[in-house]
Amino acid sequence: MSDGFAVELQEVVKRFGDVTAVDHISLQIRDGEFFSLLGPSGCGKTTTLRLIAGFEMPTSGQILIGGELQGYRPAFQRPVNTVFQHYALFPHMSVYDNVAFGLEMRGVPDKETKSRVHEALELVQLPGMVHRRPDQLSGGQQQRVALARALVNQPKVLLLDEPLGALDLKLRKAMQIELKALQHRVGITFIYVTHDQEEALTMSDRIAVIRRGRVLQMGAPEGIYEHPANRFVADFIGETKFIPGRVAALGPPVEVALDGGASVLCGWAEEGTTVGAEVTVSIRPERIGLQGVDDGGTGAELARLAGTITQAMYLGTDTRYVIEAAGGATLAVRMQNVGDGVQRHAVGDAVAVMWDPQHARVLID
Amino acid sequence: MQERWRRSPSFRAWLLLSPAAAWLLVFFLAPLVVVLVYSFLERGTYGGVIWNFTFGNFQRVVDSLYLNTLFRSTYIAVATTVLSLLFGFPLAYFIATRSRRHRNLLLLGLMIPFWTNFLIRTYAWLTILRTNTGLVNVSLMSLGLIDEPLPLFGNDFAIILGLVYGWMPVMVLPIYAALERIDRSLLEAAADLYASGFRVFTRVVWPLSIPGVVAGSMLVFIPALGAFITPAILGGGKSLMIGNIISNQFLAAHDWPFGSALSTVMMVLMLLATLIYFRTAIRTGTPR
Numbered sequence: 032m033s034d035g036f037a038v039e040l041q042e043v044v045k046r047f048g049d050v051t052a053v054d055h056i057s058l059q060i061r062d063g064e065f066f067s068l069l070g071p072s073g074c075g076k077t078t079t080l081r082l083i084a085g086f087e088m089p090t091s092g093q094i095l096i097g098g099e100l101q102g103y104r105p106a107f108q109r110p111v112n113t114v115f116q117h118y119a120l121f122p123h124m125s126v127y128d129n130v131a132f133g134l135e136m137r138g139v140p141d142k143e144t145k146s147r148v149h150e151a152l153e154l155v156q157l158p159g160m161v162h163r164r165p166d167q168l169s170g171g172q173q174q175r176v177a178l179a180r181a182l183v184n185q186p187k188v189l190l191l192d193e194p195l196g197a198l199d200l201k202l203r204k205a206m207q208i209e210l211k212a213l214q215h216r217v218g219i220t221f222i223y224v225t226h227d228q229e230e231a232l233t234m235s236d237r238i239a240v241i242r243r244g245r246v247l248q249m250g251a252p253e254g255i256y257e258h259p260a261n262r263f264v265a266d267f268i269g270e271t272k273f274i275p276g277r278v279a280a281l282g283p284p285v286e287v288a289l290d291g292g293a294s295v296l297c298g299w300a301e302e303g304t305t306v307g308a309e310v311t312v313s314i315r316p317e318r319i320g321l322q323g324v325d326d327g328g329t330g331a332e333l334a335r336l337a338g339t340i341t342q343a344m345y346l347g348t349d350t351r352y353v354i355e356a357a358g359g360a361t362l363a364v365r366m367q368n369v370g371d372g373v374q375r376h377a378v379g380d381a382v383a384v385m386w387d388p389q390h391a392r393v394l395i396d
Numbered sequence: 093m094q095e096r097w098r099r100s101p102s103f104r105a106w107l108l109l110s111p112a113a114a115w116l117l118v119f120f121l122a123p124l125v126v127v128l129v130y131s132f133l134e135r136g137t138y139g140g141v142i143w144n145f146t147f148g149n150f151q152r153v154v155d156s157l158y159l160n161t162l163f164r165s166t167y168i169a170v171a172t173t174v175l176s177l178l179f180g181f182p183l184a185y186f187i188a189t190r191s192r193r194h195r196n197l198l199l200l201g202l203m204i205p206f207w208t209n210f211l212i213r214t215y216a217w218l219t220i221l222r223t224n225t226g227l228v229n230v231s232l233m234s235l236g237l238i239d240e241p242l243p244l245f246g247n248d249f250a251i252i253l254g255l256v257y258g259w260m261p262v263m264v265l266p267i268y269a270a271l272e273r274i275d276r277s278l279l280e281a282a283a284d285l286y287a288s289g290f291r292v293f294t295r296v297v298w299p300l301s302i303p304g305v306v307a308g309s310m311l312v313f314i315p316a317l318g319a320f321i322t323p324a325i326l327g328g329g330k331s332l333m334i335g336n337i338i339s340n341q342f343l344a345a346h347d348w349p350f351g352s353a354l355s356t357v358m359m360v361l362m363l364l365a366t367l368i369y370f371r372t373a374i375r376t377g378t379p380r
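Chains as they are written, first to last, in our numbering: chain X, 32 to 396; chain S, 93 to 380.
The reader is advised that the hints may include incorrect statements.
Unchecked claim - Computed spacing ranges between beta-carbons, pair by pair: (1) S:Leu227 <-> X:His162: 50 to 60 Å; (2) S:Trp298 <-> X:Arg104: 20 to 30 Å; (3) S:Phe249 <-> X:Gln185: 47 to 57 Å; (4) S:Phe293 <-> X:Gly73: 26 to 36 Å; (5) S:Phe186 <-> X:Met160: 53 to 63 Å; (6) X:Glu153 <-> S:Trp298: 29 to 39 Å; (7) S:Phe186 <-> X:His215: 45 to 55 Å; (8) S:Ile274 <-> X:Asp62: 50 to 60 Å; (9) X:Ala212 <-> S:Arg192: 35 to 45 Å; (10) X:Arg351 <-> S:Trp298: 50 to 60 Å; (11) S:Arg99 <-> X:Glu209: 19 to 29 Å.
Claimed, not checked - In silico negatives: residues of chain S with every beta carbon more than 10 Å from chain X: (12) Phe132; (13) Tyr138; (14) Ala171; (15) Leu202; (16) Ser288; (17) Arg295.
No wet-lab data here; the hints were simulated from the structure.
We put the beta carbon where it would ideally sit given N, CA and C, even for glycine.
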């Protein structure tokens, strides 16, 4: 393997007629990495996966698997295996024959096949079901068979196309943890396609956020969550509040004047921000603090906005407040219910919202 | 007690089923019973039957003349079925893999021949295949490609050609339906698991299309075995099938009981063939 990259995409483009599904995507996915392609439906993430698998051929650009140029090599000659969105188990074969299929196609001797199939089924915690047919299994079990069918071949790279999408929420959560543990154990590179940002954050080593066939941001989950590079990423991943304004001074910290006359300080600005530009200040709800106006707190280093509480929702572990702030911005704030657990603010209270400027980001509209 | 019986689900099911059951009884079963009963009676002089019980009709069926025709008919029907499958499967596959709009157009095209009477279409084949004045032989001879007319007419070749032409669409339709139902991701999954195009076909496409192949084969085999228009016209009066003999018993020879006996034997043979065929097909279609 060259450079330790399991999969490398170089300026890959895929067009279907007039539609550009993948628009100059370049990725370098490391050996043993859990890499997610995250984006809304129709963003090109699944097409990217299909290009790697060999179900589609790129219009231009190169794909390398294990340092080897793939070119127009058909799917059945590529050292990758896929877990399909709806599992695509062969309905006319038993669980055993499904899992053994890849080994059989490669001419692995029967005896070895048998032990490897049983190993694979044990790995996905589904032993003793070898004679069942796919339609006799639950969705979760089918999912496991699909995983075993792919993993039994010991591919260099496992491609997963929204494999948990068809499962109910509880099972999905359990499978997320299990998949991650499984990946750790087998040490195979996973490329995971999902539209579920939470799933991507939970499981991935790195994430590529894709929109309209382009990679908007790539990095570790913390980096993408804490430092979204643009408005789309900030909006798509996690909950974010946006306050419209106009840049008053390029700091650092950047000063943004809000419509109501107030101004706030922000620690970071998207590249290309200029004084006077219409921008959005983005901030995560959990980074926003709340203070009664009578509390008399000072905190000169914090950004402050006066406002009124319009909604208070008790959620158990925390309370969610919606605040109409000066300048017409609506902010949501989560306050953890620690200590005596009494709700500290009520609807109609005049409060001040505040945050550390380093958590506020200026994004270009 | 009686009230409860009347409300039981099975009673209601039977009640709902009764119109259909009555229909079947009258229009499906009754003619069959007539045929079966007639096959044990003696013939009347001017058609009809005389109510004397006899096994004589069945003894005549075993006569080598009729048995030979029965064997030849079976051979022609099997050949028709196999050829229809050979040509029909690729056609069904082609249609099933087109875009939705094209699929519907192609299916419509497949049905268009049925808008014209089968008898007329068979006569059309006559003008194409006829030995001295047929389109094929005339064209080939005027081009100087052949000196003698090819034996295209009045033989088994002509009958099989006519039958394949007539019945291939009913082979294509069920196979198309089976192929169209196959999830395309199954083919991708097989390719992903190192199966070449050929093995994707033999291991996934073919096994999953077997229900369609079985249905199509039955739909072709049964009418081909009983065919009488095609052999009458394209067989040139020389090459006959069992269907012609049966129709002759009713229309020309006025021997209804013997015609009934021949029909009964054929029905039993078909039933056996169908059973064997389904058994084998189902066995190949289920996982080990």
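Here's how the hints hold up against the structure:
no. : hint                              : result
1   : S:Leu227 <-> X:His162: 50 to 60 Å : holds (59 Å)
2   : S:Trp298 <-> X:Arg104: 20 to 30 Å : holds (26 Å)
3   : S:Phe249 <-> X:Gln185: 47 to 57 Å : holds (56 Å)
4   : S:Phe293 <-> X:Gly73: 26 to 36 Å  : holds (32 Å)
5   : S:Phe186 <-> X:Met160: 53 to 63 Å : violated (38 Å)
6   : X:Glu153 <-> S:Trp298: 29 to 39 Å : holds (32 Å)
7   : S:Phe186 <-> X:His215: 45 to 55 Å : holds (47 Å)
8   : S:Ile274 <-> X:Asp62: 50 to 60 Å  : violated (36 Å)
9   : X:Ala212 <-> S:Arg192: 35 to 45 Å : holds (43 Å)
10  : X:Arg351 <-> S:Trp298: 50 to 60 Å : holds (58 Å)
11  : S:Arg99 <-> X:Glu209: 19 to 29 Å  : violated (50 Å)
12  : Phe132                            : holds (46 Å)
13  : Tyr138                            : holds (58 Å)
14  : Ala171                            : holds (29 Å)
15  : Leu202                            : holds (27 Å)
16  : Ser288                            : violated (6 Å)
17  : Arg295                            : violated (8 Å)
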